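Start from chain A and add chain B according to the hints.
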Amino acid sequence: MSTENDDVPIEPLRLKKLDLAELTDEDVMERCAMGSEAAFRTLVQRYRTRIMNLVCRFINDRDRAEEISQEVFLRVFRNRERYRKSGKFSTWIFTIAVNLTKNEIRSRVRHRGTFSLDAMEEESSGQGVTFPDAKPLPDEDLNATEIGEKVAEALRKIPARYREAVVLRDVEGLSYEEVGQILRIPGGTVRSRINRARLMLKERLKPYLTLEDV
Amino acid sequence: MNCRSAESLFSAFVEDELNQKERRFLESHLLSCRRCTASMRELKASMDLCGALPMVDTSPHFEDDVMTMIRSGEALRPSLIEWLRGLVTIDRVRPFALAGAGASAVLVVSFAMNALHIGQTATQVAGTTKAPATQNGAPAEVTTPDGSGLASLATPEATVSAPSPAASKSDAGYAWVDHNVRTSSIPDTTVPNPGARYEDEYITDQFFLERGTDGGNNPTITPVSSRASDDVYITF
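For the protein sequence lines, the chains are A and B, in the order given.
In case it helps, this note's numbering puts the first sequence at residues 1 to 214.
In case it helps, this note's numbering puts the second sequence at residues 1 to 236.
This is chain A alone, in the form it adopts within the complex (with noise of 0.2 Å):
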């Protein structure tokens, strides 16, 4: 005996396709941790340019921060099952970051033995021998680029303990809260390291800083 609904095709149960550009980084991860590729190529295409940005302010070398940014992705990968979902996976991956390009600079300097200017500077943490910019000519007239590049050394030049400070917070945009995660200290010095390391900031960009900037 047949009924009407029995005409009826039955529909399929469709799962709704999951848009992983809907999720939270947190999410996204969780799904990377049950051996999802796609949400780990999410993940890649999301931080990509932040983790290679961040480490490029720290090591002056763009290839070299290509490949460390590399080592990030890698090491998320292979510690995915590790990852806690209770924490903000920004600061997860931001503290790899920060600890492979703190390797990097103490390799360099290890490696080096010889007396380099770059290595000194790495090296000095605040401490260290600081060498004054050649100031620029009152007229000279700069772009984007050319600001942007002066920033760049700017950065590169302040001790590394101030500029991962800074870095994080001006750069990258984390929270206080955030920047003390990754750097392991506490808020208070977070926000100190942070003013001192704009004031220094302030003084080497200077010359650069025109009316309408103030």
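Rather than coming from a laboratory, the hints here were simulated on the basis of the structure.
Take these hints with a grain of salt, some might be off.
Claimed, not checked - Quick list of in silico lysine to aspartate or glutamate cross-link-like pairs, DMTMM-like style, CA-CA up to 20 Å:
1. A/Lys206 - A/Glu177
2. B/Lys44 - A/Glu203
3. B/Lys21 - B/Glu7
4. A/Lys88 - A/Glu26
5. A/Lys85 - A/Asp27
6. A/Lys85 - A/Glu26
7. A/Lys206 - B/Asp48
8. A/Lys150 - B/Glu15
9. A/Lys88 - A/Glu146
10. A/Lys102 - A/Asp63
11. A/Lys88 - A/Glu172
12. B/Lys44 - B/Glu15
13. A/Lys88 - A/Glu178
14. B/Lys44 - A/Glu153
15. A/Lys157 - B/Asp48
16. A/Lys102 - A/Glu153
17. B/Lys44 - A/Glu172
18. A/Lys150 - B/Asp57
19. A/Lys102 - A/Glu71
20. B/Lys44 - B/Asp64
21. B/Lys44 - A/Glu149
22. A/Lys206 - B/Asp65
23. A/Lys88 - A/Glu177
24. A/Lys150 - A/Glu203
25. A/Lys102 - A/Glu172
26. B/Lys44 - B/Glu27
27. A/Lys85 - A/Glu146
Claimed, not checked - Covered by chain B, per the in silico footprint, the following chain A stretches (three or more residues, Cβ under 8 Å):
28. 25 to 31
29. 47 to 53
As the list claims (entries may be wrong) - Far from chain B, some chain A residues (derived; all Cβ distances over 10 Å):
30. Glu22
31. Tyr83
32. Arg84
33. Ser86
34. Gly87
35. Ser90
36. Lys102
37. Val109
38. Asn143
39. Thr145
40. Ala152
Quantities reported herein were computed from a predicted structural model and do not represent experimental measurements.
Cβ atoms here follow ideal geometry from the backbone N, Cα and C, with glycine treated the same way.
What follows is chain B alone, placed relative to chain A:
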């Protein structure tokens, strides 16, 4: 507020993180200090420059490179630190930790029982051993073998309360009757009663001092091995 303390608040001021009191102080300082006002504006401008830094992008094949390294398996080999961290997981460490804790507990209990046994032995020995007395009847003093101090033997309790390192040998039953314990109460000039028995004075484990019969004026050192038996006492 001076310029130095004002400077320390610049960042917080720019980011609007000061409390009302700090803000009021800083604003009043800025009104009266042109240098700090200019410095504050420069700081704000340099912050804007940093924030406007162009992002350094990766190469176009960045993502593919990462995925290739993952697929090849080469990049999946953990670093030494990661490998060690993987070894030291809670699940793996737990049995060893439990075993270690058990072994420690056994050691502590056996040590405590040992110490208790020492105490009991010492009490028994002190209760049965008479403290050597000096000629005038005063209680003798015992010098610990390592010279670390003197323990009065006036009462058995005093003996128990001042254990020496030799006491650690008490398992063999000679905790407080050690040959290394020497008396210092033998008179130098008084001739003792003939036939009286006295402890000899040991110099080392191999030799002991014989006072002789002339009141100790011509002492001789005799090897321990030359004694007939442990019961032989030298008569002065």
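Taking the hints in turn, this is what the structure says about them:
Between the alpha carbons of A/Lys206 and A/Glu177 the distance comes to roughly 29 Å, so the proposed pair goes past 20 Å and is violated. A C-alpha spacing of about 12 Å is found between B/Lys44 and A/Glu203, which places the hinted pair at or below 20 Å, so the restraint holds. Distance check on the hinted pair: B/Lys21 and B/Glu7 sit about 16 Å apart at the alpha-carbon level, within 20 Å; holds. Restraint check: the Cα-Cα separation between A/Lys88 and A/Glu26 comes to about 7 Å, which is no more than 20 Å; the hinted pair holds.
Straight-line distance between C-alpha atoms of A/Lys85 and A/Asp27 comes to about 8 Å, which keeps the hinted pair within the 20 Å bound. A hinted pair counts as satisfied when its Cα atoms are at most 20 Å apart, and A/Lys85 with A/Glu26 qualifies at roughly 6 Å. As the CA atoms of A/Lys206 and B/Asp48 are separated by approximately 13 Å, the hinted pair is consistent with the 20 Å bound. Annotation: proposed proximity of A/Lys150 to B/Glu15 is violated, straight-line Cα distance about 24 Å (limit 20 Å).
For the proposed pair A/Lys88 and A/Glu146, the alpha carbon gap of about 35 Å is over 20 Å, so the pair is violated. Of the pairs offered as hints, the one joining A/Lys102 and A/Asp63 holds, with about 16 Å between alpha carbons and a cut-off of 20 Å not exceeded. Straight-line distance between C-alpha atoms of A/Lys88 and A/Glu172 comes to about 15 Å, which keeps the hinted pair within the 20 Å bound. Restraint check: the Cα-Cα separation between B/Lys44 and B/Glu15 comes to about 10 Å, which is no more than 20 Å; the hinted pair holds.
With a CA separation close to 9 Å, the supplied pair A/Lys88 and A/Glu178 stays within the 20 Å bound. Of the supplied pair hints, the one linking B/Lys44 and A/Glu153 holds, its CA atoms being roughly 18 Å apart against a limit of 20 Å. Among the hinted pairs, A/Lys157 with B/Asp48 is consistent with the structure: their alpha-carbon atoms are about 18 Å apart, no more than 20 Å. Of the supplied pair hints, the one linking A/Lys102 and A/Glu153 holds, its CA atoms being roughly 18 Å apart against a limit of 20 Å.
Restraint check: the Cα-Cα separation between B/Lys44 and A/Glu172 comes to about 17 Å, which is no more than 20 Å; the hinted pair holds. Of the supplied pair hints, the one linking A/Lys150 and B/Asp57 holds, its CA atoms being roughly 18 Å apart against a limit of 20 Å. Between A/Lys102 and A/Glu71 the alpha-carbon distance is near 13 Å, which keeps this suggested pair within the 20 Å criterion. Taking the CA atoms of B/Lys44 and B/Asp64, the gap is near 40 Å; set against the 20 Å cutoff, the hint is violated.
Proximity of B/Lys44 to A/Glu149 is assessed by CA-CA distance (about 19 Å); at most 20 Å being required, the pair is judged to hold. Pair hint A/Lys206 plus B/Asp65 does not hold up; C-alpha atoms about 41 Å apart against a cutoff of 20 Å. Distance hint between A/Lys88 and A/Glu177 is fulfilled; the C-alpha atoms sit about 11 Å from each other, no more than 20 Å. A hinted pair counts as satisfied when its Cα atoms are at most 20 Å apart, and A/Lys150 with A/Glu203 qualifies at roughly 12 Å.
Distance check on the hinted pair: A/Lys102 and A/Glu172 sit about 17 Å apart at the alpha-carbon level, within 20 Å; holds. Straight-line distance between C-alpha atoms of B/Lys44 and B/Glu27 comes to about 15 Å, which keeps the hinted pair within the 20 Å bound. This hinted pair does not check out: A/Lys85 and A/Glu146 have alpha carbons roughly 41 Å apart, beyond 20 Å. With 0 residues bearing a CB less than 8 Å from a CB of chain B, the stretch 25 to 31 of chain A misses the requirement of three and the coverage assertion fails.
For the stretch 47 to 53 of chain A, the stated coverage by chain B is satisfied: 5 residues place a CB nearer than 8 Å to a CB of that chain, which reaches the threshold of 3. Every CB of chain B is more than 10 Å from the CB of A/Glu22 (nearest about 20 Å), matching its label as outside the interface. Distance to chain B confirms A/Tyr83 as a non-interface residue, since its nearest Cβ pair spans about 14 Å, more than 10 Å. Listed as outside the interface, A/Arg84 is consistent with that label: its C-beta sits roughly 14 Å from the nearest C-beta of chain B, beyond the 10 Å cut-off.
For A/Ser86, the requirement that its beta carbon stay farther than 10 Å from each beta carbon of chain B is met, with the minimum near 17 Å. Once the 10 Å rule is applied to beta carbons, A/Gly87 is consistent with being away from chain B; the minimum gap is 17 Å. With 10 Å as the threshold on Cβ separation, the claim that A/Ser90 sits away from chain B holds: the shortest Cβ distance comes to roughly 16 Å. Chain B leaves A/Lys102 outside its interface by the beta-carbon criterion, the shortest separation being 14 Å against a cut-off of 10 Å.
The claim that A/Val109 is not at the interface with chain B holds, since no C-beta of that chain comes within 10 Å of its own (minimum 20 Å). No beta-carbon of chain B comes within 10 Å of the beta-carbon of A/Asn143; the shortest separation is about 12 Å. Here A/Thr145 does not stay apart from chain B, with its beta-carbon only about 8 Å from theirs, under the 10 Å limit. With a least CB separation of 7 Å from chain B, A/Ala152 falls inside the 10 Å interface cut-off, contrary to its annotation.
Violated hints, listed in ascending order, are 1, 8, 9, 20, 22, 27, 28, 39, 40; each of the other numbered hints is respected by the structure.
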